[in-house]
Structures are given as structure tokens and as C-alpha cells.
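K.L.:
Okay, here's what each chain looks like letter by letter:
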Amino acid sequence: MATKNQEDYLETIFHLESEGKTPTTQDIAQHLKISPASVSENLKKLAKEELVKHSPYKGVALTLKGKNIAVDVVRRHRLAERFLVDKLGLKWEKVHEEAHKIEHGISKVVGNKLYEVLGKPKTCPHGNPLPDAKGHIKEERSYPLNTLQKNDKAKIVKITDEDPKLLCYLATLGLMPKMKIRIEEKAPFDGPIMVRIGEATYALGKKIAESIWVKKYEQE
Amino acid sequence: MNKNNYESEIQKIRQETSFTIALVGNPNVGKSTVFNHLTGLGAVTANYPGKTVALNVGMAKYQNIYMGIIDLPGTYSLGSVSEDQFVARQEIFEGHANVVVVIVDATNLERNLYLVLQLIDLGFPVVVACNLMDLAAKHNICVNTDKLSEYLGVPVIPMTATTGEGIEKLIETCINIFQHNVKMKANLPVYGKDIMDHINDLEGIISQNVKQIPFGLSARALAILVLEQDEEFLNYLTTSLHGPAVYDKAKAILEEIERTHGEKPAIRISRERHGYEGFLADKVQQIGVCQVSLSTKLWRFSLEPVTGLPILLAGIVAVFLIMYYCGGFLSAGFDTLWVRFISPYIKFLIFAIFGHNTIANTLLWGFDAGIQAALSVGIPYILIFYLMLAFLEDTGYLNSIAFLTDSLMHKIGLHGRSIIPIIAGAGCNVPAILGTRVLTTRREKIIACTLITLVPCSARTAIIMGAVAFFAGWKWAVAIYLIDFLVGILVGRALAVFLPGQSSGLVMEMFPFRIPRLSTVLKKTWYRFKEFIIIAIPIIAIGSLLLGSLYETKYLWYLTRPMSLIVENWLGLPAVAGICLLFGILRKELALQLLLALAIVQYGPNVQNLLNFMNKQQIFIFGLVTTLYIPCLAAISVLIKELGWKTAAFITLFTITLAVVVGGLANQALNILHLI
Chain A
68 MATKNQEDYL
78 ETIFHLESEG
88 KTPTTQDIAQ
98 HLKISPASVS
108 ENLKKLAKEE
118 LVKHSPYKGV
128 ALTLKGKNIA
138 VDVVRRHRLA
148 ERFLVDKLGL
158 KWEKVHEEAH
168 KIEHGISKVV
178 GNKLYEVLGK
188 PKTCPHGNPL
198 PDAKGHIKEE
208 RSYPLNTLQK
218 NDKAKIVKIT
228 DEDPKLLCYL
238 ATLGLMPKMK
248 IRIEEKAPFD
258 GPIMVRIGEA
268 TYALGKKIAE
278 SIWVKKYEQE
Chain B
60 MNKNNYESEI
70 QKIRQETSFT
80 IALVGNPNVG
90 KSTVFNHLTG
100 LGAVTANYPG
110 KTVALNVGMA
120 KYQNIYMGII
130 DLPGTYSLGS
140 VSEDQFVARQ
150 EIFEGHANVV
160 VVIVDATNLE
170 RNLYLVLQLI
180 DLGFPVVVAC
190 NLMDLAAKHN
200 ICVNTDKLSE
210 YLGVPVIPMT
220 ATTGEGIEKL
230 IETCINIFQH
240 NVKMKANLPV
250 YGKDIMDHIN
260 DLEGIISQNV
270 KQIPFGLSAR
280 ALAILVLEQD
290 EEFLNYLTTS
300 LHGPAVYDKA
310 KAILEEIERT
320 HGEKPAIRIS
330 RERHGYEGFL
340 ADKVQQIGVC
350 QVSLSTKLWR
360 FSLEPVTGLP
370 ILLAGIVAVF
380 LIMYYCGGFL
390 SAGFDTLWVR
400 FISPYIKFLI
410 FAIFGHNTIA
420 NTLLWGFDAG
430 IQAALSVGIP
440 YILIFYLMLA
450 FLEDTGYLNS
460 IAFLTDSLMH
470 KIGLHGRSII
480 PIIAGAGCNV
490 PAILGTRVLT
500 TRREKIIACT
510 LITLVPCSAR
520 TAIIMGAVAF
530 FAGWKWAVAI
540 YLIDFLVGIL
550 VGRALAVFLP
560 GQSSGLVMEM
570 FPFRIPRLST
580 VLKKTWYRFK
590 EFIIIAIPII
600 AIGSLLLGSL
610 YETKYLWYLT
620 RPMSLIVENW
630 LGLPAVAGIC
640 LLFGILRKEL
650 ALQLLLALAI
660 VQYGPNVQNL
670 LNFMNKQQIF
680 IFGLVTTLYI
690 PCLAAISVLI
700 KELGWKTAAF
710 ITLFTITLAV
720 VVGGLANQAL
730 NILHLI
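If you're matching them up, the sequences are chains A and B in order. Counting from 68, one number per residue, gives the positions in the first sequence under the working numbering. Counting from 60, one number per residue, gives the positions in the second sequence under the working numbering.
Any given hint could turn out to be false.
[As the list claims (entries may be wrong)] Okay, derived cross-link-like pairs now, SDA-like style, lysine to any residue, Cα gap no bigger than 20 Å in a straight line: (1) A:K201 with A:H171; (2) A:K245 with B:G321; (3) A:K232 with B:D289; (4) A:K125 with B:D256.
The set of hints was computed from the structure by calculation and includes no laboratory data.
Between the sequences and the hints, there should be enough to build the whole structure, so can you do that?
P.N.:
Written as C-alpha cells, this is what we have:
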């Protein structure tokens, strides 16, 4: 059984990964507000337990075992949020912190009961999907890039164009699944969309934009 | 220039110099600026991606050492989706260079490092030139080039190519590598363990089985290229003589990677390389808070639909007004100077030598009237236009136009990117047609080239401004532009429907405005203008001499007869105008200049007023026809080179027919409507 501390780590890595990053020690330290030194110490322990893979330069990745635990924590977290909002009437902007304290104490039995009592919710109060008891998390719906608006942030989910040369070319530019982008501008009359990746800015025509499926990305 | 020409030019440079440097890098990082600094040549530079579509080859000298310099088209990686990128790829692989200088953009280090890592991975002798350091400083980005050099294991030189800072250090570094035969110990990029194992596996099998690796690459390089699913090298494994073992193994590894990572191996490698470049960028640069500069704000305004379209419209009007007033002013000035101070002496000289006879009169056509015509209608407008084009190019505004017009361009079978060569066609059609190499399909190239021939180049602008606007009024000049624009749209639309295929999508990097450097703008204007003078003036002189001899010997009138049905009846022009139109195929502005020379000869130098010769309607029709029919011989020969003679012949005949039909219809309409 994972400890509270371990769960926090796995949850953090899970979130960072679903934002499209390969998290680094630095990222995790920032997220958990603790020093990088103790993060790398703890990552070593997690790696020993085969919950994460940790390689220098490359960052951290969850193993299947680690991911299962992480998804379970996410499920408990979101159930707790639901409970706090639906049953206790707390404001939904405020419940994240509270749920974070509760989530570790919820056992499988309590979790399933909560799920029943809350009327089998599909999402947390913020609209994020609730993983089911078996640890399956339904992928959030994705949309073609051209449906987004200016200043939207999104993560690329898939690219449906079939031309392998074009796919490689786009990948070279950083346009590939899991990458985060920002809509900088939209041209008139169904024109191209200007997106930003890191420091680079690209204009993508409608046809290309339609084949890039993204998930809008917001801070939880 | 075709491939054989490059080959021979590069061979020549290699024989004459001790070693060769190739300049590679992402588009718009300043390769050509570095090239110009090194060689003192004038390769065209501007602030948009895709200026260099072919190799620029030159020579540099430093402390008695001669070096060959090859400037390659910009590319993001060694993969290629368009012809210009393919040229870069081939040249890198064929390995004519002793040192590969990768020029990177300090303001966007992360993405630029991709190509560096790929080249290091493949074992090329790399030197990194970290350019645009001044711009990076302005953006509050600090790049530690020493640290980067340590990580990469290759020299990294900070540079600001526009001012020349760092160029000398770059040359010294390259010479050092060459002279001392320094074996660089580049640090190979790091991948995940499984990928590393696969690379090692494949490398082992390749070195055992493959006797001869193309381009003298190492076994490791070939292994990586195969894992990157590079078509050319994958095919090489299937076709050559080393048995099925290697290919089978490669296939097994590729499948294995796809299974473990859930994505194509090429994408996986790309992702891991991006991961590593992100790590490097993180380590070597500090990005401070950056005040949004005025030029960046302007850039954003130029892209936003609400402000961008009015700005575009205002820009077009401004260009027209500047042409009209400044060009007109220069034209009058040049004309007066010629008539007062030069023309009398030329006349005196010619009459003194030859006496008053037909020969003297013919010579006067070439050396007096012809040049006066060039001075008053050609040069002033072309000079002003080149200046404005150079300025616009260097700000980077063309990039914004491409962005705004993409959806319109799709209607005519193209995409926004292709507007850049089309606009460049307003300077001269020849480089514009070469510029279509950035487009990816033949269909796009054909449409773009056809439309480019319909873009009024500076020579035709000279006719429209110098004759139509000047004598018939600015409204009629605007009318020509509008008709031309409309015809262009219709032709584009027709081609888009008629030619099979679809327009490909736009993927274009966007760059904020940069404040143009006056010296660069002036230099570029001068290079283009010099080229114009060198080519145009002799042709004008010879053309005038030819027409003059026809005129003086009265043969002119025989020649006009067969054309009179079309020229006089249908277009309503004086018969000799038809001859001038024929001459216009040599150079466009020649058509008008010969007409003017004709007027000058007939009515004396102070007349120089076409209205004595043709009425306003005729001037308008003359301008319209000249604008529409095929630009000139140079453009035709470039069309043949780029598209083959069949397509070129089709475009030529098509535009001539178009000009005659549209010109005639306009003439008949004006006859009925009496608008002029």
C-alpha cells in the first residue's frame, strides 16, 4: 500500500504527464513546494519500488503500477471534491485543497459508497472526468484545433493526417501529441491559426488545423 | 540553376580554396546575412522564411586562406517536404563541406537546437553560430554559449551577423578545425535507454553486414536515420546487396518501438530529441521578463483581423501613392537633367562624327531617345519600388500578409505561403518564379507561376505609372491594377478547378517584425537595381537601335501591316504600337520606352508627351495589354526551367491570348461607353 507521501508524488506526476510533459525533478519540486534535493531523494525510493522510471536528463515517467495508484488517488480526490460541494455545500473554487487532505483516507469501500451516494457522478465539480473503480479514465473529449479561440491553451491529443512525411515535419516543429500550445491569433474568413509552442510561433492553415485534435487545458 | 550547375560551381570552388564551409540552419536565422558578410556577395536577405531556395556559393578570404562558402536553404531538420529543403538535405549528405556551420536563433534556441542535435547525431563536423544575440538581449534572453559548447562538445560562437560581430571568431574557429585537423569530440544526444539499446543493436548489425554506407556515413548514423524512418535510407536497406538480415532486423526494431511507446519511431525519436533540446535550453539560457516592444505590438496589430485588413489596405494605398508622387518627381528630374545637360552633347557628338544622315538618326534612337525614355519611365519607378520592397521584406510584413490572405489563396488552389513569391513578383517575375520552390506540390507551383506572370513587375509598374497614371490620370492606373487583380483571381480560380488535386495545408513559421537596418535595405536595393541596369540598359539601347533603323529606313510600316487587324481594329492602337509590344517581350518596359522614343524622334525631345502620339484611351489599352501578356524572355526561360517547356509554352500562349482578349474587350467597351 502506498503512503500518503507516495500518493502525492504519483498524483503530481500523473497530472504533469497529462499536461503533456515529461516531468523533471524541478517540475515536481515546484508543484509540491519542496526542495529539489528531497524530491530526487524520494524519486529514487519510488523508482526502487518500481512505481516510476527515473532517468537523468529525461525526467520521470510513471510505470503501469504507479499509474494505477495515481489514477486511484485522482478518483478519490475527485469524489471528495464532489462530496464537499454536493453534500457539504462548499464553494467549488475552494474544495481542491480540502479534498487533497481527505483523499488519502478514503478506502476502497468508502470510495465505492461515496460514488453511490453522490449519484454516480461522471466528473468532478471542475468538470474533469472521474476514473471508474477499475482505474479507467475516460479521455476527455478532444476537438480540432480550429474550433479553439484566441488565447486558449490546449494540449495536442492526436494528429489525424496520414501523410508520414508531413507528420515527421510537424513533429520536428514540436507539433505532436502531448505537446502544449497556445492560440495566439485567428485569421479572418476561416483563415489560418497562429499557435505558439515554446518560443516558436507557427501559422497553420485550416486544413492542417482540422487534423490536429486538442484538449483544452486549464489549471485545476 | 540546376543540379549540375551547382556541382560544377562547387567543384570549382573546392579546387580554388583550401576548404569549404556549409551554412545550414532553420529558415530566417540569418544564414544569407552571414554568407554576405563572409563573401562580400549580395545574396538576397529578408525577414521571412524561404528566401534562399537554391544554393548560394561564394568564396571568402581570411589571412591568405581561401575558403569556399555554401549557403543552404533553411530547413528545420534533414527531412524534406519541399524542393528547397530537399536541396539543403542533399547538399549536407553529399558532404562537399569540411565544416558544417549551424546557425541558430538565440531568441528561439530550443527549437533551433533540433537540427544541431540531428547533425551531431549523424557525425557531421559541426560548429554552432548562435546568431541574433542582439535581438536576444533586447528580449532579455541570456544565452550562455560557453556552457552550450560544453554540453554539445562542439564550438559555439555568439554572433550578431547584421553588424558582423562574431564573424571573425567563426572563421578562425573553422580554420582552426581544418588546419589542425581537430577531431571534435561532440557529445551525442541522449535518448531513453531502450532507444539507445536499439540504436546500438542496429549499428552492430549494420557495421557487420552493410559494406558501403551511402555518403560515407557511419553505421550509427545509418541506424539513426533508419529509426527516424527516413524513406531514402530505409529504401537503401531494402534494395542493396547486404541481404535481408539488416532490413528484417530494422523492421523488427521499428515495430518494437511502436509497440512500447504507442507512436511511430520517427515521432518517438523526435519527441526524445525535443526533450533533450528542452533540457539543454533550460540549462544554458535565462529568460527574463521582456517588455513587449513597439515592433512586436505593431506585428500583432498587423495579424489581428480587425486591424490587420485595414493596415493591409492602407499599405497598398501608401505604396501606390509613393510610387505616383516620388516616382513622378524623379522621372521629371531625370528627364530634365538628360534633356538639358547630356542629350545636346550626345547629339553634337553623333552629328559631328556621322553628319546628318540615316545612320546618325538611327544612332540617336539608341543613345539619346532610348536612354532618355529609360530614364523617364523605367528607372525612377523601378528604383522607388525596389526600395519599398526591400523595406517591406526586412520588416517581415510579407509574413503577416501571408497569414491574412491564406483563406483567399485557398480559393485559388494555393495557400498563404505562396503569396510571398507572388508579391515578390511585383519586383521581378524571375526570382519570384524561382521562389515557388518553397511550395510542395507541382499543382501549386503551376498555379503560382501562372499568377506570378500576371503580377505587374517593376517594369510593368513603370509603364502603368510612367505612362498611364502620368498621361491618362491615376484613376486609369488604378483601373489597370483592379482589372489585373480580377483577372488573376479568375485565372487562379479556373486553374484550381481545372487542375486535379487539392491545395495542401499551410505550415509557416511566423516572425515578429524586426526594424530594418537602413544599410541592408539600401544595399539590397542597390544589388537589385545594379542587376537591372546591367541587363536592361544594353537591351534598351539595342532595341531602340533596331526600332530606329526600321523607322529610319521605313521598313517599320511594312512590318506593322500584318498586325494591323488586331492592333488597330481590335485594340484601337496605332500600328507602330504593335511593334513596340513585340519588342516588349525582350523587356517589359522596353515596350513603352520604344513608344516614347518614337514620340521623341517624331515630335522632338521637349515634347516627350505621349498624348501627341496616342489618346488617353490608347495609352490605357496599351498599358493593360502590356500588363497582361507574358512578362519577358527571362521569365519564359525560368518557367521552362521550373515547369518544363510544355507548361511554359502553355502559360506563354495563354497570357498572350488573355492580353489580346481583355485588352480588346476593354477597348470596345470604352468605345461604347466614352468614359475617357
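K.L.:
What hints, given by number in increasing order, does this structure fail?
P.N.:
none
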